[in-house]
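Asker: We have chain A already, so just place chain B on it with the hints.
Protein sequences appear in the order of chains A and B.
Mapped onto the UniProt record's numbering, the consecutive letters of the first sequence carry residue numbers 1 to 574.
Mapped onto the UniProt record's numbering, the consecutive letters of the second sequence carry residue numbers 1 to 574.
Because identical chains cannot be distinguished in the list, a pair is counted as satisfied if it fits within a single copy or across any two copies.
As a list, the in silico DSS-like pairs of lysine-lysine whose alpha-carbon atoms are at most 27 Å apart:
hint: 1; residue 1: K223; residue 2: K185
hint: 2; residue 1: K390; residue 2: K224
hint: 3; residue 1: K369; residue 2: K25
hint: 4; residue 1: K224; residue 2: K185
hint: 5; residue 1: K25; residue 2: K458
hint: 6; residue 1: K374; residue 2: K458
hint: 7; residue 1: K458; residue 2: K350
hint: 8; residue 1: K458; residue 2: K378
hint: 9; residue 1: K350; residue 2: K338
Derived from the structure by calculation, the hints contain no laboratory data.
Quick caveat: nothing in here was measured; it's all calculated off a predicted structure.
There are 2 protein chains.
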Amino acid sequence: MEEEGGSSTLRVLVATDCHLGYLDKDEERRFDSFDTFEEICSLAEKHKVDFLLLGGDLFHENKPSNSTLVKTIEILRRYCMNDRPVQFQVLSYQAASLQNRFGQVNYEDSNYNIGLPVFAIHGSHDGPTGVDNMSSNDILSAGNFLNYFGKTDLGCTGISKTTVYPVFIRKGKTYVALYGVGNIKDERLNRMLNEPHAVNWMLPEIRDEIDWFNILVLHQKRKKASPSSGVSERLLPRFLDLVIWGHEHECLIDPEEVSGMGFHVTQPGSSIATSLINAEAKPKHVLLLEIKGTQYRSTKIPLQSVRPFEYVEVDVDPSDEATIHAYLHKIVSNLIEKVRETTASGSELKLPLVRIKVDYSGFSIINSKQFGQKYVGKVANPQDILHFTKSGERCKNTQESTNSFGEVDTNDLNKQTIEALIPETNLQLEILHLNDLNSALHEFVNNDDSMAFHSYLKQSIDEAREPGKKPITKGRQGSQNLLTGALSVLESDDEPIESSDPEESGSSQQTGRKRRAAPGGGDGGSAASAAGRRKTDLASFQRAPKKEDDADASKERRTPVAPGRYGAVIRRRG
Amino acid sequence: MEEEGGSSTLRVLVATDCHLGYLDKDEERRFDSFDTFEEICSLAEKHKVDFLLLGGDLFHENKPSNSTLVKTIEILRRYCMNDRPVQFQVLSYQAASLQNRFGQVNYEDSNYNIGLPVFAIHGSHDGPTGVDNMSSNDILSAGNFLNYFGKTDLGCTGISKTTVYPVFIRKGKTYVALYGVGNIKDERLNRMLNEPHAVNWMLPEIRDEIDWFNILVLHQKRKKASPSSGVSERLLPRFLDLVIWGHEHECLIDPEEVSGMGFHVTQPGSSIATSLINAEAKPKHVLLLEIKGTQYRSTKIPLQSVRPFEYVEVDVDPSDEATIHAYLHKIVSNLIEKVRETTASGSELKLPLVRIKVDYSGFSIINSKQFGQKYVGKVANPQDILHFTKSGERCKNTQESTNSFGEVDTNDLNKQTIEALIPETNLQLEILHLNDLNSALHEFVNNDDSMAFHSYLKQSIDEAREPGKKPITKGRQGSQNLLTGALSVLESDDEPIESSDPEESGSSQQTGRKRRAAPGGGDGGSAASAAGRRKTDLASFQRAPKKEDDADASKERRTPVAPGRYGAVIRRRG
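Same shape as in the complex, but just chain A:
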């Protein structure tokens, strides 16, 4: 029995961009990502949430080191495996939305005692690559540590099509459709969202008595922050109620309404700073989301384990070297002192990150590495405390790739320039597509995927040979197969709702409880009895209305918000 919430309040802890394994070879900072991920898991435990929801880039690399995988699995095993009953149900044919060959949500496997389920999409760092199209999330999913959703197989040529199958979740009288779209290249997703029939959003079947709350988790550059290359919220479908936006590291976690679209967007931001820019110096948070019916309340929870990070910008005139040196050293000392003062006396003192962005108009006269030697053992990044920019340069770059503060995110720049480095060719290729070759190049360079070209060529050739047929090149049980299988089942399995199943009565507190833990049923026969109860087809899929129709339907938006516990109230047409 829950103290907070009650039987119909679904409680979710939302975090994103944990970047596990970030700087795993840095003596000082190698444990940072794990410390904070462990804090996030402990918050999930403390706040007794129903599940943990991760918005991509759980790993910093698509091929994490053995050490990173071990540490991650150890944390998940410690926090997710326990006797706490799972109090929600996943409805619908699960294999359609979840990427594993066991075809079910992890806590329903009667061989595991899962107390804290985790749902995750992939991000830009840990997305699927290689011949088998494997993400590092697939490893955790195979091991039953998380429920990987939002993995799409787009094929490789032309305008891609995809169908987004939500995970249908029910707790008491609350029904949530959880849509996931793992990272797709921004340009490609933009193209797809602009094309009328490229993205099919599968809706729950409309039934009078059920009001669905629709959440989308995605991981893309956000147009708001990167006007030239990001994805706009305005391309997302209007039936959504809440969008959880991963990838952007700045914490803009309070849900913000997108005017005219009828949904709110929360951008939790990363749990670790991977660029020393102002946006990352702000306090990091995770979101506690409580959903009851179609209302929700969001509470931001500050993360305590994040390494202190102080950021300042200064203007200097390079005429007098000694003065500048003294000035910059004074700033660093002050920042270190500030961190020392604000750290609670009992807590572990982590060396802070310090970044001074120095705007100067002449040549660089200070060697940043030399400058930092004085701070070895005092700051976590002595080698790159100073970052020099020229105002002129800044203006030029701003148009290309900036975060919302107009600063150059160097990581970001690196990502953009691979293709730009290669002079434009005007080759007209018949079988290979330039965009997709670029994409393979990107995989090859950034994700160290030595098979990127091989797998792209293979797909293209397969497609060229059999133009009508979708290529299946991903091993024996690729997700494509699962999806195809799922669809046919769904179409023939669309039964009317009946409350013959005792689990569906609204008052039951034990929906989704682990089979094994059920009193009296724990002596060996549980697996067999669980099997029959696994797939509750309360929710069936329906295709979402096309965007054209959608614009016509006037949604009941901005109904007055009831005062009291719950914040933003968003209701779907109905």
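Answerer: Only chain B this time, still in chain A's reference frame:
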């Protein structure tokens, strides 16, 4: 209740060198290693063994691809997770012998329903590397898929010392001490075994009523096969009863007595051919080992899923090109035909591997790749069917690195020559040791471990700073810490045997049964009750007698073998 064996017969399936992920980019052969590993697991299920024992090189690479990890985990999850009761117990303080931070054998974790436990050491391909000294086995161990034992931390300088803690296993009246030594460089292990106090073998405490059966699993080049560089059986301690020898790919699975040493050696051989040599063309097997008291029976089980592999050697005279071409093509056609005829009609036809070793006395006149083009789609290795050697060359190389058939194992040659490529230097280094630098070079080149030098240097510097202290550079919870912790516990925890624990009565059939599955105890409180019962300290550690003493003790060896069910009877001094 077991049909076969009964309550005191421990049944173990032994396999080694599965090389999961071998050729995972080869269109034709990429699933071979997984197919056979799955067969091995299904044999374990079919023969209702108590556990599966793996002798190293489970993975072909220390950093398996995501796809390889996913496939491996899927197989283990399908075969190891079930309701079958585990009918043996692991005694003693487990953290000393098992490498995971949860400090217990995997089936005792009450959050998992393990029906088939797996015990594994690492090999030469998947051994620990990097700053955190992580093997790919550590990933599976963290995920509770196997029990990783025999991982040693040798430090890095001078003569290394290590203590081998066996896993003490009991089933009814059978007591097995399972020693594991994961791969160590041959030269190093040789040095250690020759040094009197370098390897400490922890023995079970001697008690009148218990007779231990001592098994050692190791993974080394065997002197028998590689006289110049392997490890000799004669350096192993005489108290052993059975040695399971991994690394050598040739199947010499029937236990063979080592005269004067009092133990037998079984060399199961790899489950997949990774070199196209004669030794690998023989049928592959795994071993069913049944141990009752101090007697055992071994049964070899042929593997059915192994890709057919035909090997012949021919002598040719290069004078007439056309004749030779025709001759060689005829041989290949015959071999293909032979495979087709011997394949059972119902079973899946896998393209065979074909290798013709051509001994010639002139220049190579046939392009092997060109020759093979005719066989694309007919054999699995069209690109390297032909392998040319000169008799003269062969004689020269035989002394350097050969298998037991006097053939050059090219894989082996590659491994040996890295250091040989560098001219000998006569540098006298004070802190860095040449052997260990070579070792780091080996890690760097062969295991693609970019941190090999870094971690070696760090260890050396730490040791140089604090000569008395063992370096602890392996993260926060390295196995070194566990071992140290274990030792102190063991020394203070050496209680006399008492049968107060009901589990220890010899007649109990349910020893080691999963806590969760125990009737009536399955409703949530099981974790707590299991915790108190976890560490049965029936077996305490004792140091093995020194080799000098050991030579004096005349062992009761070669007692007459009782005719009937059990084969080789080996008894320790009683």
